[in-house]
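K.L.:
These are the residues of each chain, in order.
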Amino acid sequence: KAGVTQTPRYLIKTRGQQVTLSCSPISGHRSVSWYQQTPGQGLQFLFEYFSETQRNKGNFPGRFSGRQFSNSRSEMNVSTLELGDSALYLCASSETAGPERQYFGPGTRLTVT
Amino acid sequence: GESVGLHLPTLSVQEGDNSIINCAYSNSASDYFIWYKQESGKGPQFIIDIRSNMDKRQGQRVTVLLNKTVKHLSLQIAATQPGDSAVYFCAENNNAGNMLTFGGGTRLMVKP
Numbered sequence: 001k002a003g004v005t006q007t008p009r010y011l012i013k014t015r016g017q018q019v020t021l022s023c024s025p026i027s028g029h030r031s032v033s034w035y036q037q038t039p040g041q042g043l044q045f046l047f048e049y050f051s052e053t054q055r056n057k058g059n060f061p062g063r064f065s066g067r068q069f070s071n072s073r074s075e076m077n078v079s080t081l082e083l084g085d086s087a088l089y090l091c092a093s094s095e096t097a098g099p100e101r102q103y104f105g106p107g108t109r110l111t112v113t
Numbered sequence: 001g002e003s004v005g006l007h008l009p010t011l012s013v014q015e016g017d018n019s020i021i022n023c024a025y026s027n028s029a030s031d032y033f034i035w036y037k038q039e040s041g042k043g044p045q046f047i048i049d050i051r052s053n054m055d056k057r058q059g060q061r062v063t064v065l066l067n068k069t070v071k072h073l074s075l076q077i078a079a080t081q082p083g084d085s086a087v088y089f090c091a092e093n094n095n096a097g098n099m100l101t102f103g104g105g106t107r108l109m110v111k112p
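As they're listed, the protein sequences go chains F and A. Residues 1 to 113 in my numbering are what the first sequence lists, from first letter to last. Residues 1 to 112 in my numbering are what the second sequence lists, from first letter to last.
Some clues are possibly wrong.
[Claimed, not checked] Lysine-lysine pairs mimicking BS3-like chemistry, simulated, CA-CA at most 30 Å apart:
#1 F:K13 with A:K42
#2 A:K56 with A:K68
#3 A:K71 with A:K56
#4 F:K1 with A:K42
#5 A:K56 with A:K42
#6 F:K57 with A:K111
#7 A:K42 with F:K57
#8 A:K56 with A:K111
#9 F:K13 with F:K57
#10 A:K111 with A:K42
#11 F:K57 with A:K68
#12 A:K42 with A:K71
#13 F:K57 with F:K1
It should be emphasised that the hints constitute simulated quantities derived from the structure, not laboratory data.
Chain F on its own, in the form it takes in the complex:
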């Protein structure tokens, strides 16, 4: 099976702009989770979707949002970008609602200038 794919791989945005990142899970996986990775804060959970429903949300401001489509693909959106949003955004998928092993994609490297 193909692994988790994320697009785009790299992105440069300006403060105040918004951005949408996309994640396609492994075929047959219905759960998608998003994480933010920075040198200072490490890996932090953003949100989790299962069958198009958000099941958990991490401690991030409302500027961070996401959704999941009927084919399990997911998008996350960050509005009014801040310099501190520069990070590697990782998507992970798993077959069920968990807890179980999750498989990560390569991430989207977002740079905010």
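Given chain F's structure and the hints, the job is docking chain A onto it.
P.N.:
This is chain A only, laid out in the frame that chain F set:
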């Protein structure tokens, strides 16, 4: 892309030796634990997982040990190889869907 902080603990081992990476977890209610390996420019790669009803689980060249009494998790890598050089993260789940709480990571460096 960069995956780690500037001041990660580092474990340096000789090729062929065994490695032990330790992790202290925070939530006594956590019931699922997982180890990931992350190489530069890549996403975390699943290594091995364990549920709280077990103390030990073995995979290919890797063993995870869980001590719930002291909330400690360890990853043992047998016959460490240069390809094992990476940052290793432990993560815990306290029965909250697939939400994982990650540790800060340990950098493993293997000397040939």
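K.L.:
All hints are to be evaluated individually against the structure, with a verdict given for each.
P.N.:
Against the structure, the hints:
For a cut-off of 30 Å, the pair hint linking F:K13 to A:K42 stands: about 22 Å separates their Cα positions. The hinted pair formed by A:K56 and A:K68 meets the criterion: a straight-line CA distance of about 11 Å does not exceed 30 Å. With a C-alpha separation of about 14 Å, the suggested pair A:K71 and A:K56 falls inside the 30 Å cut-off, and the hint holds. Of the supplied pair hints, the one linking F:K1 and A:K42 holds, its CA atoms being roughly 18 Å apart against a limit of 30 Å.
Only pairs whose Cα atoms come within 30 Å are accepted, and A:K56 paired with A:K42 is accepted, the gap being roughly 28 Å. This hinted pair does not check out: F:K57 and A:K111 have alpha carbons roughly 41 Å apart, beyond 30 Å. Our distance criterion of 30 Å between C-alpha atoms is met by A:K42 and F:K57, whose separation comes to about 24 Å. For the hint linking A:K56 to A:K111, the alpha-carbon distance of about 28 Å falls within 30 Å, and the restraint holds.
Straight-line distance between C-alpha atoms of F:K13 and F:K57 comes to about 24 Å, which keeps the hinted pair within the 30 Å bound. A threshold of 30 Å between alpha carbons decides the hint, and for A:K111 with A:K42 the separation of about 22 Å falls inside it, so the pair holds. A C-alpha spacing of about 26 Å is found between F:K57 and A:K68, which places the hinted pair at or below 30 Å, so the restraint holds. Between the alpha carbons of A:K42 and A:K71 the distance comes to roughly 29 Å, so the proposed pair stays at or under 30 Å and holds.
Taking the CA atoms of F:K57 and F:K1, the gap is about 28 Å. The hint holds against a cut of 30 Å.
The earlier numbered hint that this structure contradicts is number 6, and it is the only one.
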